[in-house]
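All chains, full assembly: derive it from the sequences and hints.
Protein chains in written order, with this note's numbering: chain A, 1 to 79; chain B, 1 to 588.
Hints are computed from structural coordinates only; laboratory data are not their basis.
Predicted, not measured: the structure shown is a model, and the values here were computed from it.
Warning: the hint list may mix true and false statements.
If you anchor each label on the Cβ, the simulated ranges turn out as follows [unchecked claim]:
(1) B:THR150 with A:GLN7: 31 to 39 Å
(2) B:ARG403 with A:GLU73: 58 to 66 Å
(3) A:PRO55 with B:GLU412: 47 to 55 Å
(4) A:SER25 with B:HIS522: 12 to 20 Å
(5) B:VAL363 with A:ASP3: 47 to 55 Å
(6) B:LEU10 with A:ALA13: 33 to 41 Å
(7) B:LYS155 with A:SER25: 29 to 37 Å
(8) B:GLU412 with A:ASN18: 44 to 52 Å
(9) A:PRO55 with B:GLU39: 36 to 44 Å
(10) A:GLN7 with B:SER396: 55 to 63 Å
(11) A:GLU73 with B:ILE399: 54 to 62 Å
(12) B:ASP143 with A:ASN18: 34 to 42 Å
Ideal Cβ positions, reconstructed from N, Cα and C, are used throughout, including at glycine.
What follows is each chain in one-letter form.
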Amino acid sequence: MTDTVAQICTLLAPFNSNGTVLSASTDISSDLNIDSVTVMDFVMEVEDHFDIEIPLNILSETRTVADLARVVEARRKKE
Amino acid sequence: MKVAGGIEPLSRTPRANRNLPQLLGSFSTLAEGLDYAAEGVTGFNFYSPRGSLQHVLPYAQLRRMAMSTARKLLSLGLKRGDRVAVVAETGPEFMAVFYGCQYAGLIPCPMPYTMYIGGKDSYIERVAGMLAAAKACTVIAGDDLLGHITAGAAKAGVARVLTHDALQELPEAATKLEPFGPDEDAYIQYSSGSTSNPKGVLITQKAIVANAQGILREGLKLTPDDRAFSWLPLYHDMGLVGFCISPMLGQVTVDFMATTSFARRPALWLKLMSDNNTTITYSPSFGYDLAARRINGEAVTLDLSRLRVAGIGGDMVRADVLDQFAAMLSVAGFKPRAFLPSYGMAETTLAISFVDPDAPIRVDSIDRHALKTMGMAIPSAGERSRSFVVCGKPMSSSIVEIRNEKGKALGERSVGRIFVSTPSMMAGYFENGDATRAAVGRDGFLDTGDMGYWLDGEIVITGRAKDLILHNGRNIWPQDLEWSAEQVEPLRTGDVAAFAVEGDDGDDDVVVLVQCRLHDEHAIETLRREVSATVHRSAGVECKVVMVPPKSLPFTSSGKLSRMGAKQKYLTGEIAEIMQPVFLQAAQ
Numbered sequence: 001m002t003d004t005v006a007q008i009c010t011l012l013a014p015f016n017s018n019g020t021v022l023s024a025s026t027d028i029s030s031d032l033n034i035d036s037v038t039v040m041d042f043v044m045e046v047e048d049h050f051d052i053e054i055p056l057n058i059l060s061e062t063r064t065v066a067d068l069a070r071v072v073e074a075r076r077k078k079e
Numbered sequence: 001m002k003v004a005g006g007i008e009p010l011s012r013t014p015r016a017n018r019n020l021p022q023l024l025g026s027f028s029t030l031a032e033g034l035d036y037a038a039e040g041v042t043g044f045n046f047y048s049p050r051g052s053l054q055h056v057l058p059y060a061q062l063r064r065m066a067m068s069t070a071r072k073l074l075s076l077g078l079k080r081g082d083r084v085a086v087v088a089e090t091g092p093e094f095m096a097v098f099y100g101c102q103y104a105g106l107i108p109c110p111m112p113y114t115m116y117i118g119g120k121d122s123y124i125e126r127v128a129g130m131l132a133a134a135k136a137c138t139v140i141a142g143d144d145l146l147g148h149i150t151a152g153a154a155k156a157g158v159a160r161v162l163t164h165d166a167l168q169e170l171p172e173a174a175t176k177l178e179p180f181g182p183d184e185d186a187y188i189q190y191s192s193g194s195t196s197n198p199k200g201v202l203i204t205q206k207a208i209v210a211n212a213q214g215i216l217r218e219g220l221k222l223t224p225d226d227r228a229f230s231w232l233p234l235y236h237d238m239g240l241v242g243f244c245i246s247p248m249l250g251q252v253t254v255d256f257m258a259t260t261s262f263a264r265r266p267a268l269w270l271k272l273m274s275d276n277n278t279t280i281t282y283s284p285s286f287g288y289d290l291a292a293r294r295i296n297g298e299a300v301t302l303d304l305s306r307l308r309v310a311g312i313g314g315d316m317v318r319a320d321v322l323d324q325f326a327a328m329l330s331v332a333g334f335k336p337r338a339f340l341p342s343y344g345m346a347e348t349t350l351a352i353s354f355v356d357p358d359a360p361i362r363v364d365s366i367d368r369h370a371l372k373t374m375g376m377a378i379p380s381a382g383e384r385s386r387s388f389v390v391c392g393k394p395m396s397s398s399i400v401e402i403r404n405e406k407g408k409a410l411g412e413r414s415v416g417r418i419f420v421s422t423p424s425m426m427a428g429y430f431e432n433g434d435a436t437r438a439a440v441g442r443d444g445f446l447d448t449g450d451m452g453y454w455l456d457g458e459i460v461i462t463g464r465a466k467d468l469i470l471h472n473g474r475n476i477w478p479q480d481l482e483w484s485a486e487q488v489e490p491l492r493t494g495d496v497a498a499f500a501v502e503g504d505d506g507d508d509d510v511v512v513l514v515q516c517r518l519h520d521e522h523a524i525e526t527l528r529r530e531v532s533a534t535v536h537r538s539a540g541v542e543c544k545v546v547m548v549p550p551k552s553l554p555f556t557s558s559g560k561l562s563r564m565g566a567k568q569k570y571l572t573g574e575i576a577e578i579m580q581p582v583f584l585q586a587a588q
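Here you go:
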């Protein structure tokens, strides 16, 4: 598990109400049964934690924790 | 695009025009309204996702940009009345295109953006459906969404896709601008119809001006000292008409934050309203809920004492949520009297009824059983009762009737279907005569699809006659959920029924019944998860997936799925989950 993946899993833990084992392959939108409003809450946590902004188009193509980790790493290099 | 400021730090547009008399929508077109507002100093301000002032757009500058954009659009050889689709991201670019179309005689069609994690595919489908239905010739998007929009445009056969930057680089056509006149169209709005069959509400200049006048004069009782704030999406009627159009037609300033920013930081809405001494805002009930939950200890640092209109629309108004918000924000000087429940829809431009802005909200508690079995709203208290928030009197220009199944107009406390006749009625669903005739009768009354009753001349909404699912202020078409679920192997068309089960608090829980031909427990649970995930990705809504036996879903005589029938059977227990509850508990 990379450092970014681990950090994202930590941020995701409070939203993980059904006890799914979090890993790089966890599908954020479907494995965790969280609604679209709560998902945005999590996205904000990620943005604040890494001090980045995630554009809409990229968010819409993101599914798993690993996807999100790649987005975070790419945005951090950029900003 | 460069907007105001330059090297100097940005300063937001002032609250009021000192030297320009306020006119409350006394115009015959949107362009005429903007010509007048441009004589003053008020306008739009846009805040960043973290709450800093990003763009300032006084109406004078908006008008200049709109006229320039109009000439650039016309350089493409567009003909009068052509549809220009534009992704309605909250910012100066969208405003320039929307109002540019007004000066060019082109019909703007504000389009949604995608907000969901993993929502790409369903977004492209949705956009393609809208573009095809509008027969749009051009679509304009920001850089971010260009890829998705290009894919949608290709599916819909729309030839021209432009970024805002590319549009602004076009040469200005040297033609004289002929803005839309009083007898012409104004815009098309897509908040109606499913993804597979979207319906564009065509609004005329007459309709928008009539509705804005009602909103400004009767609904909000606007004064020159008002200052509005909105995070509502501009592709939605409440955001577009309520904040991008009406305040401009009343020459007051609007401060905006993007819907996506609100979704991430709901409490920022309250903070920015405090900073700006906002007097008018609007949200569905769920927005107040989110903001109150997230403000935590910061409420005490805010000043919301100037807020005189905290409007509620777009979902069932929930008294419990409003009470919580008021309790949470009383330390900030928020006055519960500011709550302004209202009722409306895109088909009537926006507003139908408002509660008196100076009056407190009124809650009516009625007997739940009598409501269900007799269609009567009989006052009652205690466990058997249910509370509804009263949504106000129809605006003076509108006629509302609540009718029974035979079409007879009902009196006080009888629940029926709500019909409306109004000068702000849509011209129709764009190039969709069948759908228009199904919605608007020969008597000119629109069938709203909502149920309700009269109480002292005010409308009380009790629910919907249609199958629509209402979730966090959004309309969700059950067909869309069913269609997406049916794509999961081994399901087939007709295997899925989706509907809402209304909780006691007025919120909808989404239930998805799936005809299941599998026997292996593991396979069934995998299917359950996949259906849930697919529905979530396509509509951003969590649902309860119930596996039911093959051939158990009821169909009408014409072979259509009977959603109401399926819901009835589910609620009575006639159709039930095939898996043993013990196993389900273990799985959860």
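We went through each hint and held it up to the structure:
1. B:THR150 with A:GLN7: 31 to 39 Å: At 34 Å between Cβs, range holds.
2. B:ARG403 with A:GLU73: 58 to 66 Å: About 60 Å separates the Cβ atoms of ARG403 of chain B and GLU73 of chain A, which means 58 to 66 Å holds.
3. A:PRO55 with B:GLU412: 47 to 55 Å: holds (53 Å)
4. A:SER25 with B:HIS522: 12 to 20 Å: holds (19 Å)
5. B:VAL363 with A:ASP3: 47 to 55 Å: holds (52 Å)
6. B:LEU10 with A:ALA13: 33 to 41 Å: holds (39 Å)
7. B:LYS155 with A:SER25: 29 to 37 Å: holds (30 Å)
8. B:GLU412 with A:ASN18: 44 to 52 Å: Once the Cβ atoms are compared, 47 Å apart, the range 44 to 52 Å for ASN18 of chain A and GLU412 of chain B holds.
9. A:PRO55 with B:GLU39: 36 to 44 Å: holds (37 Å)
10. A:GLN7 with B:SER396: 55 to 63 Å: Roughly 58 Å apart at Cβ, these two residues keep to the hinted range, so it holds.
11. A:GLU73 with B:ILE399: 54 to 62 Å: At 60 Å between Cβs, range holds.
12. B:ASP143 with A:ASN18: 34 to 42 Å: Given range 34 to 42 Å: holds, Cβ gap about 37 Å.
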